[in-house]
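A.B. asks: Chains as they are written, first to last, in the working numbering: chain A, 349 to 701; chain B, 349 to 701.
None of these hints come from the bench; they were simulated from the model. Zero decoy hints are in this set.
Chain copies aren't distinguished; within one or between two, either way the pair holds.
Dumping the calculated EDC-like pairs for lysine to aspartate or glutamate here, alpha-carbon to alpha-carbon at most 20 Å:
1) Lys577 - Asp521
2) Lys584 - Asp603
3) Lys584 - Glu602
4) Lys650 - Glu639
5) Lys577 - Glu527
6) Lys577 - Glu543
7) Lys650 - Glu411
Fair warning: this is a prediction, and the values are worked out from it, not measured in the lab.
Number of protein chains: 2
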Amino acid sequence: MASSTVAVIGGGPAGLASAASAASVGADVVIIEKLGFLGGRPIEENYASITPYLRSAEEAMGEVIANTLAHPGVSVRLNTTVAGCSGEAGDFTLELDGPGGTESIEVAAVVVATGFQHFDPGRETQLYGYYEFDDVIALQDLEAMLKEGRVTRPSNGEEPKRVCFIQCVGSRDRQIGNEYCSKVCCGVASKEATEVRLAVPGVEVFIFYIDMRMYGYWETQIYWPAQEKHHVQYVKGIITEVLPKDGRLLVRGEDTTMGRPMEVPMDLVVLSVGMEPSPGTRKMAEVLGIEQNRFGFIEAPKGPLDTVATSREGVFAAGASLGPADLEDCSSSGGFAGARAAAVALSARGALR
Amino acid sequence: MASSTVAVIGGGPAGLASAASAASVGADVVIIEKLGFLGGRPIEENYASITPYLRSAEEAMGEVIANTLAHPGVSVRLNTTVAGCSGEAGDFTLELDGPGGTESIEVAAVVVATGFQHFDPGRETQLYGYYEFDDVIALQDLEAMLKEGRVTRPSNGEEPKRVCFIQCVGSRDRQIGNEYCSKVCCGVASKEATEVRLAVPGVEVFIFYIDMRMYGYWETQIYWPAQEKHHVQYVKGIITEVLPKDGRLLVRGEDTTMGRPMEVPMDLVVLSVGMEPSPGTRKMAEVLGIEQNRFGFIEAPKGPLDTVATSREGVFAAGASLGPADLEDCSSSGGFAGARAAAVALSARGALR
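The shape of chain A in the complex, shown without the other chains (with noise of 0.2 Å):
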C-alpha cells in the first residue's frame, strides 16, 4: 500500500494550515521544519503582534500550533530540512536532513509552505543608509522592538519625538528586479504607527507613501483608526535620500499631494520593506522540481480559480512561498493546499471510493 502521508515542508502560518487542513479529513501529516521551533516569521522575527487587531503574535501563534498538534497523525520534524525528492503524485521519496543524519520518508503529497524572507534595504539600494546609520531601522526591527515594549533610537537609547515609515522599500521597484507590490507592507506599517504611538507619549509619527494600499476591511480596521484615532499622519510622497544632521536624520523628499520639496528631520526612520521568497522557497523550488515565477516565488500556473497547484503534480503551495500574502491568505491557501494534499494521500491509500 502507497504511503498515505502528506508532507508539509514549512511551520509558519501557511504550513500549520495546511497540516491542520490535511489531518481533519484523514491523512497523516508530517511538518518539516528546518528551524527548532513553529511559528514561522512571527516567531523567528520576534513579531510584537499581528494585523489586524494588534493580537500579541506569540499568543496568536501558539494557539494555531497547539490546534495543529492537536489533529492526531500529525508529527513534527524540527531542524530538518529537505535534501531530495523522487517518485511521483501519490509515491514521492524524500530525502531529509535532520539531527539523526539523513534518512527516506514515503509521502504521497507535498504542501510547500516555506514562506518569504524580507527584503535588505542594503542590497541595492542604499538610498535609505540601513547599514549606515543605527536610527534607520526596518519593520521586522521595529517589531521587535515594539514586542520588548520598549521604542527607542538605537543610536542613543532615548525615545524618539519623531518618527517616519518609508513605503514601498523593496517594493513596485523596477531597478531591484521586485516589480510586484509586496501587499502587506501599508497594513503592517499603520499597526506598527498605532503602536508606536500608543507607546511612546507625544511622538509624532508619519508614513510616507504612494499608495495606501489597505484594501478590504483594513480600510476600517487599521487605516481609519491609525489616521482618527492615533493621529498617525500621511503624506503621499517619494523620499529620496536619508541624511544625517545634528545627530538627527533628515528626509528628503518630493510631498507630492502639495506638490513641492520637502525635508523633514526625524529621529527614527522605519523602512517598510517588502517581500523576497525566503532561501528556503527557492531551494525547495529546485529540489522539487517545480517552476518558479520570475521573482523567484512558487508559480502557480492554473491561474486565479487553483490558486495551489504547481507546474508538479502532487505538489502544493501555499502562503507567501507563492508570493506576497497576508495572513489571511495563508490561512485559506493553506486549508486550501493541505485538503488537496489529503486528496492525494486519500487516493493512494484506497480510502476514498
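Starting from the structure of chain A, add chain B where the hints point.
C.D. replies: Quick look at chain B alone, frame taken from chain A:
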C-alpha cells in the same frame, strides 16, 4: 448513521471551489443554487473576462464547473433556496424550496458561498447620475458590453472617444455606510480600461482614483501594462459631479496631484461600484443563525488565522459572502471551507479515526 453530506449554498467561484474540495476528500456534496445555472456573478452578469489575464469568464468558469461536477458524489439543485435550518454540526436538517416544492435534507455541515452584489450607484448618492444619464454606466455594464464585443455610448450607439472610470463608488464611504475598500475595483477597472483601449481604436481612457490598490502581483500583471502598453491615464483626483453638456458628459472634480480643479468632457463614464453582501448572503445569515458584521457580510469571528469559521459550529463561509474578495480569495477560502465542512461530514459518518 448521521448524514455525511456537505451542503454548499451558492454555485459561484467560491461555492464551486468548496464543493470540489469537500468531494475530493470523500464527502458527498450538494450544491444549492438559487439561479437556474452555475457560475455565479461572472456568468449571471456576463463578465467578459477575469482578472488578471483577461481570460474569458465563460471559459474559465466552464472549466471550474466541469472539474467540480467531475467529482463523484457532487449533486446540484438549481432554482433552489434554503428556507430553514435546524439541528447541529454533524446533523443539520435544511428546508429547501425548489422546483419540486418544499423538501427536507439531512446534511452534516454547511458552506455559505452566497457572494456579493454590486453597489447600486443610484442608492443614496446621486452625484454621478447613473439613473439620469444613459452614458453613465457601471463596471458590470461595461463587462457585458465587452462580452458583446462592442463598446458604444448607450445614448447614441456610437463609439466613445473619451472614457473615464470613477473609483470608489460605494466604497470607502462613511456617508453611505460602506466604509471598507471593495478590494477588486482598482484591478477590474484597470482590466476593463485595457480592454476598452484594445476594442476602440484611438479612444482615450482615464481612471480617477484615490489610491490605486493594485496589491501583490496585480501591480505587474494589470497596472503596469495598462499604463505602459495600453496608455491608460491614471489621475489622482476626486470627482464631485457629472453633468450633461453639448451631448457629452462633463466630469467635475479636483486633480489632487496638480492641486487644481478639473472639468473634463467624456463620452462614457464608468462607475467603479463596490461590493455589498448579496441578498442571499443576508438571507442565509438569518436562516442559518450566523452572525453578520456591521456591513451585512458574514462575520468570521476567529480572526485572520481561521478565515472560514462562522459563529455557528458546522457552518463555514467562503468567498465574497465574507467581504470583498478577488477570485484567488474565492478559490483559496472556498477550498479551505470545503475541507472544513468535509471534516465534519467524514467525522459524522465515522470515516475518521
